[in-house]
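K.L.:
One letter stands for each residue in the lines below.
There are 2 protein chains.
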Amino acid sequence: MSMVTCIAPVNIAVIKYWGKRNEELILPLNDSISATLSTEQMHAKTTVMVSSNFTKDKLWLNGKKRAAEAAGQQSEFVKYRVHVCSENNFPTAAGLASSAAGYACLVYSLAKAYGVEGDLTSIARQGSGSACRSLDGGFVRWRMGSKADGKDSIAEQLFDEDHWPEMRVLILVVNDARKKVSSTSGMQLSVETSDLLKHRVENVVPQRTKDMIEALKQKDFHKFAELTIKDSNSFHACALDTYPPAVYMNDTSHAIADFVHRYNKSKGVNKVAYTFDAGPNACLFLLEADVPEVLGSLELVFPPHPKEKSFVRGLPVRRLPAMQDAELFQGPHESGRIKYVIHTKVGSGPRLVKGSDVHLLNDEGLPKNVIPQ
Amino acid sequence: MSMVTCIAPVNIAVIKYWGKRNEELILPLNDSISATLSTEQMHAKTTVMVSSNFTKDKLWLNGKKRAAEAAGQQSEFVKYRVHVCSENNFPTAAGLASSAAGYACLVYSLAKAYGVEGDLTSIARQGSGSACRSLDGGFVRWRMGSKADGKDSIAEQLFDEDHWPEMRVLILVVNDARKKVSSTSGMQLSVETSDLLKHRVENVVPQRTKDMIEALKQKDFHKFAELTIKDSNSFHACALDTYPPAVYMNDTSHAIADFVHRYNKSKGVNKVAYTFDAGPNACLFLLEADVPEVLGSLELVFPPHPKEKSFVRGLPVRRLPAMQDAELFQGPHESGRIKYVIHTKVGSGPRLVKGSDVHLLNDEGLPKNVIPQ
Numbered sequence: 356m357s358m359v360t361c362i363a364p365v366n367i368a369v370i371k372y373w374g375k376r377n378e379e380l381i382l383p384l385n386d387s388i389s390a391t392l393s394t395e396q397m398h399a400k401t402t403v404m405v406s407s408n409f410t411k412d413k414l415w416l417n418g419k420k421r422a423a424e425a426a427g428q429q430s431e432f433v434k435y436r437v438h439v440c441s442e443n444n445f446p447t448a449a450g451l452a453s454s455a456a457g458y459a460c461l462v463y464s465l466a467k468a469y470g471v472e473g474d475l476t477s478i479a480r481q482g483s484g485s486a487c488r489s490l491d492g493g494f495v496r497w498r499m500g501s502k503a504d505g506k507d508s509i510a511e512q513l514f515d516e517d518h519w520p521e522m523r524v525l526i527l528v529v530n531d532a533r534k535k536v537s538s539t540s541g542m543q544l545s546v547e548t549s550d551l552l553k554h555r556v557e558n559v560v561p562q563r564t565k566d567m568i569e570a571l572k573q574k575d576f577h578k579f580a581e582l583t584i585k586d587s588n589s590f591h592a593c594a595l596d597t598y599p600p601a602v603y604m605n606d607t608s609h610a611i612a613d614f615v616h617r618y619n620k621s622k623g624v625n626k627v628a629y630t631f632d633a634g635p636n637a638c639l640f641l642l643e644a645d646v647p648e649v650l651g652s653l654e655l656v657f658p659p660h661p662k663e664k665s666f667v668r669g670l671p672v673r674r675l676p677a678m679q680d681a682e683l684f685q686g687p688h689e690s691g692r693i694k695y696v697i698h699t700k701v702g703s704g705p706r707l708v709k710g711s712d713v714h715l716l717n718d719e720g721l722p723k724n725v726i727p728q
Numbered sequence: 356m357s358m359v360t361c362i363a364p365v366n367i368a369v370i371k372y373w374g375k376r377n378e379e380l381i382l383p384l385n386d387s388i389s390a391t392l393s394t395e396q397m398h399a400k401t402t403v404m405v406s407s408n409f410t411k412d413k414l415w416l417n418g419k420k421r422a423a424e425a426a427g428q429q430s431e432f433v434k435y436r437v438h439v440c441s442e443n444n445f446p447t448a449a450g451l452a453s454s455a456a457g458y459a460c461l462v463y464s465l466a467k468a469y470g471v472e473g474d475l476t477s478i479a480r481q482g483s484g485s486a487c488r489s490l491d492g493g494f495v496r497w498r499m500g501s502k503a504d505g506k507d508s509i510a511e512q513l514f515d516e517d518h519w520p521e522m523r524v525l526i527l528v529v530n531d532a533r534k535k536v537s538s539t540s541g542m543q544l545s546v547e548t549s550d551l552l553k554h555r556v557e558n559v560v561p562q563r564t565k566d567m568i569e570a571l572k573q574k575d576f577h578k579f580a581e582l583t584i585k586d587s588n589s590f591h592a593c594a595l596d597t598y599p600p601a602v603y604m605n606d607t608s609h610a611i612a613d614f615v616h617r618y619n620k621s622k623g624v625n626k627v628a629y630t631f632d633a634g635p636n637a638c639l640f641l642l643e644a645d646v647p648e649v650l651g652s653l654e655l656v657f658p659p660h661p662k663e664k665s666f667v668r669g670l671p672v673r674r675l676p677a678m679q680d681a682e683l684f685q686g687p688h689e690s691g692r693i694k695y696v697i698h699t700k701v702g703s704g705p706r707l708v709k710g711s712d713v714h715l716l717n718d719e720g721l722p723k724n725v726i727p728q
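Those protein sequences? They're chains A and B, same order as listed.
When we follow this note's numbering, the leftmost residue of the first sequence carries the number 356, and every step to the right adds one.
When we follow this note's numbering, the leftmost residue of the second sequence carries the number 356, and every step to the right adds one.
These are computed hints drawn from the structure, not numbers from a lab.
Among the clues, some could well be false.
Copies of the same chain are indistinguishable here, so a pair counts whether it falls within one copy or spans any two.
[To be verified] The calculated DSS-like cross-link candidates involving lysine-lysine, where the alpha carbons are at most 27 Å apart (straight line), are:
| hint | residue 1 | residue 2 |
| --- | --- | --- |
| 1 | K565 | K375 |
| 2 | K622 | K420 |
| 3 | K420 | K662 |
| 4 | K565 | K553 |
| 5 | K565 | K578 |
| 6 | K578 | K411 |
| 7 | K694 | K375 |
| 8 | K467 | K620 |
| 9 | K502 | K411 |
From just these sequences and the hints, can you work out the full model?
P.N.:
Okay, here's the thing in structure tokens:
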């Protein structure tokens with residue numbers, strides 16, 4: 356019997372992945388680049404237990420039993436059955452790449468449990484495309500690759516988490532009541548129906564990827580922000596150009612984007628970047644020195660709901676008074692449009708965690724915490 | 356002394372104009388196609404008075420005095436000064452191409468007053484681009500032209516107002532509190548910054564224009580709706596791809612689009628088309644036979660504000676009970692998200708109106724109705 360527990364990070368793409376060239380193997384239509392977020396604030400945690408006593412593979416996700424498909428694929432090659440339990444330490448409500456962190460953690464933990472060496476990103480990719488980018492820290496590039504079998508569609512680190520230590524991230528969790536279009540189906544429909552997506556993947560992203568790597572290398576925040584913002588809007592434009600359209604940003608999302616543009620304009624230089632995934636939540640990038648004023652201004656324009664006692668979570672920070680600029684403050688909006696903010700930074704890849712009380716499974720291989728069905 | 360009064364229609368583009376190849380002459384980057392709406396429900400009305408007694412050109416728009424620039428341009432060529440008074444019979448709140456109808460009416464009325472013959476569309480175009488499409492009835496094509504002086508960038512009728520008599524139009528006036536990005540500045544920024552717009556104007560619109568003309572010729576509503584919807588979303592995608600982004604649709608706009616897709620899906624064929632201009636209001640196209648059920652369903656999903664006593668205005672119509680389809684009714688939304696609906700149809704171009712009481716100016720050449728400044 357052996358038990359391992361690992362944690363894996365969330366990643367946020369600054370050059371977006373949208374569209375597959377192979378649905379089965381999850382091979383993307385373009386390269387993408389992401390920042391790995393610190394596991395201190397947000398992570399997936401997975402415990403894998405291998406035992407000769409187990410009669411079949413079992414999987415628990417966020418406290419609920421699930422069909423053990425992913426683990427089941429291993430069964431021809433391994434002697435013993437496996438129990439897997441996985442949780443995110445952040446609410447699913449945050450809607451932020453939880454599946455990427457979860458799959459990365461699953462693959463990483465199974466590899467640790469079975470002693471698998473070598474590239475894991477092409478395995479993680481086949482669970483959830485962007486999961487491959489969560490297998491390393493810092494800034495990560497997922498290469499689209501060109502081989503039909505996808506062997507060269509792997510993720511690799513561009514710069515490690517110490518390259519740009521001032522970089523900070525604010526996750527703005529937005530109130531939303533709408534029914535979601537899943538990113539998987541939206542993406543597939545975009546490939547089938549969007550004329551603009553073809554142009555994006557062939558003509559826009561290749562140059563932008565090069566420019567992004569250069570901006571990261573030079574630590575040119577102004578350029579980094581411009582590219583990040585443009586690529587987010589380009590992706591959502593292609594989603595909107597889909598038939599029927601896939602709409603992920605809502606009025607609050609657009610109000611946040613507008614806030615960022617006004618803030619940057621008033622500073623005469625880009626101080627904040629925004630990016631949106633397949634949901635309404637915003638991810639802002641900014642430098643450590645700018646966090647206090649940006650948070651102060653944000654709270655003035657988007658007042659927290661009066662009942663929300665911890666509006667800013669994660670890394671501790673002073674809030675400075677908001678910038679005095681009337682143009683910036685179109686609003687304030689009604690309170691609670693942003694539910695809360697997670698303050699975090701760029702961090703490292705997955706890792707094994709040690710200790711007797713870190714595991715999610717007890718000695719019998721059953722979850723310590725289960726949500727009744 | 357002579358006095359003429361004319362009315363001119365609103366037009367709604369089904370292939371959108373977005374982007375100029377020449378700012379000065381207002382020459383577009385692509386052809387566009389519009390439907391001219393009946394003047395029975397919505398029109399601009401203009402009275403032009405020419406008199407040897409006038410000492411200078413004067414202009415009143417919607418009850419307010421304005422600088423008489425457009426009229427002023429005539430002063431080198433004409434002997435007498437002119438007074439112009441113009442009004443829309445629909446609230447500016449509708450935000451629907453009021454400037455197009457207004458400019459078309461101004462140009463048409465001045466032409467009548469001075470006895471000018473020949474193509475007026477290239478003159479109207481230089482006031483407000485899409486105004487040139489309001490100078491004819493039915494379905495109108497504005498050709499981008501290729502000449503540097505813009506002489507061949509003119510509007511021409513594709514099909515007259517009797518070609519497809521079953522076609523109906525619902526203008527959905529949407530509640531909106533946001534600050535607007537003007538279409539002129541949004542359009543210019545798109546040309547400067549959107550990579551996707553280049554692709555749209557060069558590769559997408561030319562084929563779609565051909566397909567639209569064919570769908571109109573065949574009176575193929577299913578295809579007409581698909582092309583209309585796709586082109587609206589393509590335009591808004593390019594607006595979103597602009598840096599900074601130009602966002603015109605809001606959550607209610609997207610909810611209306613979603614309603615249309617659900618309705619069409621439940622029917623197994625496109626029964627309704629939507630299109631959005633540079634604002635949140637929706638314009639729906641549909642056939643006469645489908646109006647009662649669509650209106651019934653719309654009112655169930657988007658309940659009117661309790662104080663709104665005339666939710667559906669314009670052409671009289673029975674409402675049928677809403678379609679019984681649970682999937683359709685995501686909602687209902689909170690009441691009042693759609694303020695009211697104007698029910699109208701495709702109509703004819705501008706015309707002179709006769710009678711002693713039609714004029715907006717009195718015998719002294721002053722407006723009968725003036726809003727105090």
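K.L.:
A separate judgement is required for each hint: does it hold in the structure or not?
P.N.:
Hint check:
no.: 1; hint: K565 <-> K375; result: within (21 Å within a copy, 30 Å between copies)
no.: 2; hint: K622 <-> K420; result: neither (51 Å within a copy, 39 Å between copies)
no.: 3; hint: K420 <-> K662; result: neither (33 Å within a copy, 50 Å between copies)
no.: 4; hint: K565 <-> K553; result: both (19 Å within a copy, 21 Å between copies)
no.: 5; hint: K565 <-> K578; result: within (12 Å within a copy, 40 Å between copies)
no.: 6; hint: K578 <-> K411; result: neither (52 Å within a copy, 53 Å between copies)
no.: 7; hint: K694 <-> K375; result: neither (33 Å within a copy, 41 Å between copies)
no.: 8; hint: K467 <-> K620; result: neither (48 Å within a copy, 48 Å between copies)
no.: 9; hint: K502 <-> K411; result: neither (35 Å within a copy, 75 Å between copies)
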